[in-house]
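Generate coordinates for the entire structure from the input sequences, incorporating the hints supplied.
The chain contents come next:
There are 2 protein chains.
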Amino acid sequence: MFRKTRLYTPGPTPLLPAAQFAMAAADIHHRTAEFRALYTRVLAQLKEFVGTENDVLMLSCSGTGAMEASVSNLTSPGDRVLVLSGGKFGERWVALAKAFGCVVDLVSVPYGETFDLEVVKAAVKPDTKAVYLQGTETSTAVRHDVQEIAAAVRAVQPEILVVVDAITGLGTTHFDVDAWGVDVLIGGSQKAVMIPPGLAYLSVSDRAWAAMDASKNPRYYFDLRKERKNAKNGESAYTPAVALIAGLGAALDYIAGQAGGNLAEGRKLLVDNAERCAAMTRAGLVALGFTLFAPTAPAAAATAVAVPEGLDSSAVVKEVKARFGAVIANGQGEMKGKIFRIAHLGFFDYMDTIALLGALELVAKDTLKLPVKFGQGVAAAQEVFANSK
Amino acid sequence: MFRKTRLYTPGPTPLLPAAQFAMAAADIHHRTAEFRALYTRVLAQLKEFVGTENDVLMLSCSGTGAMEASVSNLTSPGDRVLVLSGGKFGERWVALAKAFGCVVDLVSVPYGETFDLEVVKAAVKPDTKAVYLQGTETSTAVRHDVQEIAAAVRAVQPEILVVVDAITGLGTTHFDVDAWGVDVLIGGSQKAVMIPPGLAYLSVSDRAWAAMDASKNPRYYFDLRKERKNAKNGESAYTPAVALIAGLGAALDYIAGQAGGNLAEGRKLLVDNAERCAAMTRAGLVALGFTLFAPTAPAAAATAVAVPEGLDSSAVVKEVKARFGAVIANGQGEMKGKIFRIAHLGFFDYMDTIALLGALELVAKDTLKLPVKFGQGVAAAQEVFANSK
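Residue numbers (this note's numbering), protein chains in the order written: chain B, 6 to 394; chain H, 6 to 394.
Keep in mind that the hints are not guaranteed to be accurate.
Copies of one chain are not kept apart here, so a pair can be met inside one copy or by any two copies together.
To be verified - Under the rule of at most 20 Å between Cα atoms (straight-line distance), these lysine to aspartate or glutamate pairs were calculated in the EDC-like manner: (1) Lys9 with Glu280; (2) Lys394 with Glu324; (3) Lys9 with Asp258; (4) Lys9 with Asp277; (5) Lys394 with Asp371; (6) Lys130 with Glu164; (7) Lys374 with Glu388; (8) Lys343 with Glu324; (9) Lys343 with Glu314; (10) Lys378 with Glu388.
Rather than coming from a laboratory, the hints here were simulated on the basis of the structure.
Right under this line is the structure:
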């Protein structure tokens with residue numbers, strides 16, 4: 006039988022057709038009035054999408070580039086920072102902070118868990134300059150409570166900068182950047198906004214701008230002050246990924262269009278959509294006898310699923326691809342072979358969710374030899390759908 | 006929740022991405038060496054795909070244009086022809102033959118049925134010039150036995166021309182044009198070959214070419230002799246649908262690629278694929294309590310399903326679209342409101358099939374109020390899949 010390629014990975018995610026068409030049509034020069042109009046419009050949309058009064062900037066790089074920018078622009082060698090790590094991307098904060106000479110205090114939890122607020126508070130020192138964390142940890146599909154963590158660290162050190170990697174979090178969980186006092190919130194293109202990798206974006210608070218001039222770190226491509234200055238004139242500092250920007254505009258139009266043109270409401274629907282797909286998927290997998298890997302703080306961006314002891318999740322990933330053309334994600338780092346991950350962020354719908362469960366039922370039965378009854382995972386997902394409004 | 010648009014209609018069918026890319030790139034002029042190379046290549050592929058030693062020509066028109074060509078080129082006003090009709094497209098043969106002044110003998114069966122060979126034979130007169138029929142009748146999803154019918158009519162009148170509308174049949178059922186003595190076999194682009202509407206193609210036997218010179222019908226755009234002459238030079242008589250031809254080439258490459266580059270074998274796999282999707286769908290729908298509309302001679306191109314007495318199939322079509330974004334087909338003509346139709350021809354796979362059954366289960370329960378148990382249609386389809394090699 007034919008096997009269509011279908012991404013169920015937490016980045017890259019399935020592309021929105023309207024964004025693909027906009028990308029294909031994007032043969033415009035980046036130092037023209039036409040581009041300036043596009044860039045200005047997309048930056049304004051993005052600000053509405055992030056939901057903040059802070060500046061929102063775009064960078065032509067992957068999310069890690071924006072993570073680096075939020076270290077290199079905000080710290081100086083020798084500065085003390087706190088990193089909260091519960092997975093591969095938490096570990097990336099540690100590596101980045103060390104690369105720029107920071108003194109790193111680390112609160113680390115095992116993969117699949119989130120942080121104890123008292124432990125976090127105890128780790129904040131009087132000279133802690135910034136705290137770096139994930140909104141959702143992609144490698145474990147765990148959601149961290151940014152609101153509570155921000156409040157907790159500020160209760161100890163009011164001037165601390167709060168920097169959130171929301172690359173998989175934006176559009177899959179609720180953030181209130183301004184009310185929660187998030188100084189930098191980072192997003193990426195290949196996630197809930199349904200376009201390919203290559204663009205990152207971040208919101209920057211006044212407190213973060215003030216810290217930037219004091220930074221003694223070398224920075225050039227990721228100098229956010231330069232980007233802000235250029236953005237005011239509708240341009241990027243360096244050659245931008247024009248097609249991706251056109252695609253992002255089309256995707257944000259689509260998201261707004263789901264809520265009568267209101268991007269803030271559209272983002273809520275995007276979160277609801279991910280939550281619905283996640284709830285269906287989880288009910289289906291539990292009905293098939295799988296164990297959810299992170300049941301206490303699950304992120305709607307993705308579901309991480311443990312395979313029974315002694316079995317290999319790599320076989321599930323491989324067979325779903327080989328038999329059905331669908332791409333799901335293995336565990337990362339120490340979780341490889343132990344869990345598999347299914348994305349819900351961005352352009353997924355009811356039929357995508359049912360189709361994947363229908364494929365997983367066969368793989369669970371034939372590859373993992375689980376006592377699966379055909380249709381039982383699908384039925385559990387349908388119950389969730391039918392019982393939600 | 007998001008609702009992706011998904012076609013499950015027996016033409017147009019889901020587009021093959023590689024064909025879409027080829028169409029987007031097709032900005033070439035049709036009176037150039039570049040186009041002549043493309044056209045010559047695609048005509049050769051098409052001949053292999055149809056599986057014949059006869060000439061194969063392309064026309065820039067819908068399938069009906071090629072049906073017209075096979076009436077206007079082969080008959081003269083006053084000629085006696087036999088039409089075998091079991092649905093809307095059989096009726097189209099009648100209308101076409103009458104439009105060109107033929108004397109029409111009609112063997113007609115109720116929608117959902119196929120022909121009795123003895124009745125067909127009895128309808129052939131000594132002066133019957135040609136017989137017109139469908140390979141598969143799209144409006145009822147019935148397969149007619151072209152091999153047996155061709156042999157039966159030839160047993161009565163050896164010189165009769167056999168003209169087969171295989172628009173939904175090609176790539177969904179087996180044809181042996183040369184061995185069965187099919188004089189004209191017609192295909193269309195928006196069917197099993199996975200590209201949009203706008204191209205038709207047809208094979209033409211020596212017997213048909215011989216009949217053409219005798220025809221006194223007026224014809225210009227559809228003059229097949231002109232097309233054959235031009236095709237020998239790698240050109241079409243009139244401006245061709247260049248992008249569709251490029252797309253068709255890419256689609257035939259894909260079909261061949263499924264069988265190591267062999268188009269004849271690729272076509273068999275395409276038929277197998279449709280049959281597998283059809284068998285899964287039928288098992289699923291029967292498990293949900295539906296009645297197959299044409300159980301005696303079902304075409305793999307599509308499945309026609311009767312809704313229980315007193316219910317309206319239009320509601321199913323409407324709700325599947327409104328709730329899930331998927332487009333299935335209503336009955337046509339007198340079958341509207343009584344049946345719905347689900348396509349299997351072309352670019353459909355296991356996950357498409359499961360996803361649609363998952364959607365139909367909800368609609369059967371909520372809209373038709375059938376006593377559906379979630380997952381039971383999906384499970385029946387999975388059994389079929391698991392038990393097929």
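Evaluated hints:
{"no.": "1", "hint": "Lys9 with Glu280", "result": "between (25 Å within a copy, 17 Å between copies)"}
{"no.": "2", "hint": "Lys394 with Glu324", "result": "between (34 Å within a copy, 16 Å between copies)"}
{"no.": "3", "hint": "Lys9 with Asp258", "result": "between (27 Å within a copy, 16 Å between copies)"}
{"no.": "4", "hint": "Lys9 with Asp277", "result": "between (27 Å within a copy, 16 Å between copies)"}
{"no.": "5", "hint": "Lys394 with Asp371", "result": "between (35 Å within a copy, 14 Å between copies)"}
{"no.": "6", "hint": "Lys130 with Glu164", "result": "within (11 Å within a copy, 98 Å between copies)"}
{"no.": "7", "hint": "Lys374 with Glu388", "result": "between (25 Å within a copy, 16 Å between copies)"}
{"no.": "8", "hint": "Lys343 with Glu324", "result": "within (15 Å within a copy, 41 Å between copies)"}
{"no.": "9", "hint": "Lys343 with Glu314", "result": "within (8 Å within a copy, 52 Å between copies)"}
{"no.": "10", "hint": "Lys378 with Glu388", "result": "both (16 Å within a copy, 10 Å between copies)"}
The structure shown violates none of the earlier numbered hints.
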